[in-house]
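Residues per chain are reported as follows:
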Amino acid sequence: MNYDSILNQRIQGIKPSGIRKFFFLLEEMTDAISLGIGEPDFVTPWHIRDAGIYSLERGHTKYTSNAGMLQLRREIAAYLKRRFDLDYDHNSQILVTVGGSEAIDLSLRVLLNPGDEVIVPAPSFVCYGPLTEMAGGVPVYVELKGENQFRLTAQQLREAITPKTKALVLPFPSNPTGGIMERADLEAIAQVLEGTDIMVISDEIYAELTYGQRHVSPANLPSMYDRTVVVNGFSKSHAMTGWRMGYVCAPKPIIAAMTKLHQFGIMSAPTTSQYAAVEAMRNGDPDIEHMQREYDSRRRYLVEQLNRIGLECFEPKGAFYVFPCIRSTGLTSEEFCQQFLMEEKVAVIPGNAFGPGGEGYVRACYAASMKDIAESVRRMENFLVNLRRRQGKQD
Amino acid sequence: MNTLLELLEQDCTQPPAQLAAQCGMTEAQVKAELARMENDGTILGYQAVVDWDRVNRETVTALIEVKVVPQSINGFDRIAERIYQYEEVESLYLMSGSFDLTVIISGRTLREVARFVGERLATIDGVTGTATHFILKKYKEKHLVFRPREPEEREYIFT
Chain A
1 MNYDSILNQR IQGIKPSGIR KFFFLLEEMT DAISLGIGEP DFVTPWHIRD AGIYSLERGH
61 TKYTSNAGML QLRREIAAYL KRRFDLDYDH NSQILVTVGG SEAIDLSLRV LLNPGDEVIV
121 PAPSFVCYGP LTEMAGGVPV YVELKGENQF RLTAQQLREA ITPKTKALVL PFPSNPTGGI
181 MERADLEAIA QVLEGTDIMV ISDEIYAELT YGQRHVSPAN LPSMYDRTVV VNGFSKSHAM
241 TGWRMGYVCA PKPIIAAMTK LHQFGIMSAP TTSQYAAVEA MRNGDPDIEH MQREYDSRRR
301 YLVEQLNRIG LECFEPKGAF YVFPCIRSTG LTSEEFCQQF LMEEKVAVIP GNAFGPGGEG
361 YVRACYAASM KDIAESVRRM ENFLVNLRRR QGKQD
Chain B
1 MNTLLELLEQ DCTQPPAQLA AQCGMTEAQV KAELARMEND GTILGYQAVV DWDRVNRETV
61 TALIEVKVVP QSINGFDRIA ERIYQYEEVE SLYLMSGSFD LTVIISGRTL REVARFVGER
121 LATIDGVTGT ATHFILKKYK EKHLVFRPRE PEEREYIFT
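Those sequence lines, one after another, are chains A and B.
The first sequence stops at residue 395 when you use my numbering, and every number in between is there.
The second sequence stops at residue 159 when you use my numbering, and every number in between is there.
Bound-form chain B, shown alone:
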């Protein structure tokens, strides 16, 4: 049996009654659980995964490796907070390995992204270096594959 969170992660547009039946809860219980988890931040939000290449909107996405000198008080968190305040920042992760933070940002043009890195990111206190990688093509995100479904050609099988 799937838990409520697993079901939501697969498809958050399912109505509460449908979720309830699948995970063996009542509709009222599901509604209460959802409210609780939305309040305490377990569920951060509900979003669609969009293939922007299929509509007329130019976007560029970049993954930026950032090296920082951690601040004495809150370590990396303080710098991270300064970075994620920017609207452009889609995701931000603290990393192990040869650099410290991964910043994923989207902009309309290459120049917009470059400007963000040069003017905003690199100038933050404690940031000692950046390496910007532009994403050329998205294949898969959140378990979903960026590919139109192939038409299935099959006879009816009686099984």
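Pulled out of the complex, with its shape left as it was, chain A reads as follows:
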């Protein structure tokens, strides 16, 4: 059988990550220290795990309502109000999804018609472009700049908008850069969008992980509320990646459309995870704050050390990544990561894996133990010293 002619053309058109070779290498290096995986190193707090276990003991093993358990949606609404001053009605404006990823996929699929353009700031998490394409849309990448602290500027947005623009993705706090958008930045974006029908998909999965200031959602701006789809979840805030718990909040007609699609494709998010999520919302705020403090300590250390050993690194104000510039080494991102992995056995991710604008940078995740971070810095310094020595000889 010729599967090339059988498989859907769009999925065939989506190119696998250009740095697959590097990932193969990574998978074989099992003894490497990994600052590569973007995932909390914490285990889900016990009281949350226990709530999941208890729900199983009581026999809660059936589907929930399509939109997610009512008590969970109530708790999410209260949480969003309490921590981000966001108002969403639990009955009509919140849908519980299988991770933030499903929420992003649903958002794109209910919004896009064939040929619609989606503005995707990059470097950013890798899913927006491919999911846009699968939904029939066309991703339009906007390269974020280090000198702008990887924020999207009004000017860049204005230049990217065409009559076909349907949506703008705002992936802040950002994976991989650690960049954020402050209220003033969002107000400038809001002004550009004023009078258009362009929707905003705001991926706020790292909203709880900001340092020095609280996260501001575009939905906090009155002029943006009606055009904003807020994607969030429990993976990063409560260290619950494996539970696959996300949610999406938006104006009523959009949630209604998403729920329609979700009920056909998914039915309902995992029941055990929903019970655990209720506990996370009710009693998990201290966990969030504890983890945030931990990450902040490691972040300060890593940024200071990278700058000390000569890798220019802007201060990331969100998420749990640093994104140092490695151009001073004369290597490409991929060469840098490959050589660093082979010589010193530490995994960091080439910036070009995250789309346009990522070349010249590497991503290191500091959701790792302080011991591993300190050891990685030591090896990085060693790597740079050896590299400079070699380059000196070559010149």
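Bear in mind the hints are in silico, worked out from the structure with no lab data behind them.
Treat the numbers as computed from the prediction; the structure is a model and nothing was measured.
Treat the hints with caution; some may be incorrect.
Stated by the list, open to error - In silico BS3-like cross-links for lysine-lysine, where the CA-CA straight-line distance does not exceed 25 Å:
no., chain 1, residue 1, chain 2, residue 2
1, A, Lys81, A, Lys252
2, A, Lys62, A, Lys166
3, A, Lys371, B, Lys140
4, A, Lys21, A, Lys345
5, A, Lys371, B, Lys31
6, B, Lys142, A, Lys371
7, A, Lys62, A, Lys81
8, A, Lys260, A, Lys62
9, A, Lys252, A, Lys164
On the provided structure of chain A, position chain B as indicated by the hints.
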């Protein structure tokens, strides 16, 4: 942001520069703070948490409930001081409830611990009764779990 003391409690082997970066201080400030807190007794010491079961050394640990008649002048403190002078005493706490002091002691053998209780502890003036409980297995101490790390089996996830 963690305070210096919280960071030390997690891992006191971190060098001052590393502590400084994490808690937003300079290295010199951290060194000065450490010296100050070591002097004034805020930091009592730095110790390793050891799983003795993994090396060839037999030890037994016992938790002893002690009932006492408080002395008129300094109450419980006077008796407590007499008890903690002994090298064998690892920890000593004043308790609320049905007994007064918790003494945790370690010895090489059961007999050694029994002798300590019978000959040293029970004979102290003011001690009216003891109940000795031997610790059979340690699961967790100082937030650390006595269990070798399970090997993680996982594919590389690109997130």
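Lys260/A and Lys62/A were given as a pair; does the straight-line alpha-carbon distance stay at or below 25 Å?
The hint holds at about 20 Å.
Proposed proximity, Lys164/A with Lys252/A (alpha carbon, max 25 Å):
The hint holds at about 24 Å.
What's the verdict on Lys62/A and Lys166/A, does the C-alpha distance respect the 25 Å limit or exceed it?
Violated. Lys62/A to Lys166/A sits at ~38 Å, over the 25 Å cutoff.
Does Lys62/A pair with Lys81/A here, judged by a C-alpha cut-off of 25 Å?
Violated, at roughly 30 Å.
Can the restraint linking Lys81/A and Lys252/A be considered satisfied, given a maximum Cα separation of 25 Å?
17 Å, holds
Mind checking the alpha carbons of Lys371/A and Lys140/B for me, to see if they're no more than 25 Å apart?
The hint holds at about 21 Å.
Distance restraint between Lys371/A and Lys31/B, which requires alpha-carbon spacing of 25 Å or less
Holds, at roughly 20 Å.
Lys21/A and Lys345/A: Cα distance at most 25 Å?
Holds, because 16 Å separates the two Cα atoms, which is no more than 25 Å.
Holds or violated: are the alpha carbons of Lys142/B and Lys371/A at most 25 Å from each other?
At roughly 18 Å apart (the allowed maximum being 25 Å), Lys371/A and Lys142/B satisfy the hint.
Of the numbered hints given earlier, the model fails hints 2, 7; all others are met.
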